[in-house]
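Asks: Sequence:
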Amino acid sequence: MTISLQKSDKGTYRQTIRIHQHTLFADVAASLGGDDSAPDPHDLYDASLAACKAITILMYAKRKQIPLESVDIEIERDNSREAKGVYVLNVSLKLNGDLNDEQRQALAAIADKCPIHKLMTAVSTEVHSVVV
1 MTISLQKSDK
11 GTYRQTIRIH
21 QHTLFADVAA
31 SLGGDDSAPD
41 PHDLYDASLA
51 ACKAITILMY
61 AKRKQIPLES
71 VDIEIERDNS
81 REAKGVYVLN
91 VSLKLNGDLN
101 DEQRQALAAI
111 ADKCPIHKLM
121 TAVSTEVHSV
131 VV
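First residue of the sequence shown? That's 1 in our numbering, and the numbers climb one at a time after it.
Hint data in this document are derived by calculation from the structure and do not stem from the laboratory. Each hint should be verified, as a subset may be incorrect.
Below, computed lysine-lysine pairings styled on DSSO-like, alpha-carbon distance capped at 30 Å [said to hold, decoys possible]:
| # | residue 1 | residue 2 |
| --- | --- | --- |
| 1 | K64 | K94 |
| 2 | K118 | K84 |
| 3 | K62 | K113 |
| 4 | K118 | K62 |
| 5 | K118 | K64 |
| 6 | K62 | K94 |
| 7 | K94 | K113 |
| 8 | K113 | K84 |
| 9 | K64 | K113 |
| 10 | K118 | K94 |
Construct all of the structure, not just a fragment, from the sequences and the given hints.
Replies: See below:
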């Protein structure tokens, strides 16, 4: 899979991101010289965790026939120690539906098994950059 990115003709730092048939954008806040026209890269990173958790929960609930209607997720970022190697994401899950405690606990547990959660917490990521 390849993700391509080019500078957008709109804005100082705005980037156009293409993934398969999808187009997304990234920018930075005005306080950093950007136009705040799109999420910044940290937002996209954090949002990938929220999306993965929600999709994983929904798929699991469907497979196990748990009466989950929807999932609402909020992620609060604490990047105050990022320069020291600590990046904290506090995740709040709201599980909507007629669920008992056992089902809620199972869904909460499965959320931590989503692939992005694993990538962020249990996998060593290598990034190899080359100039072409």
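Asks: Hint by hint, which ones does the structure fall short of?
Replies: Violated: none.
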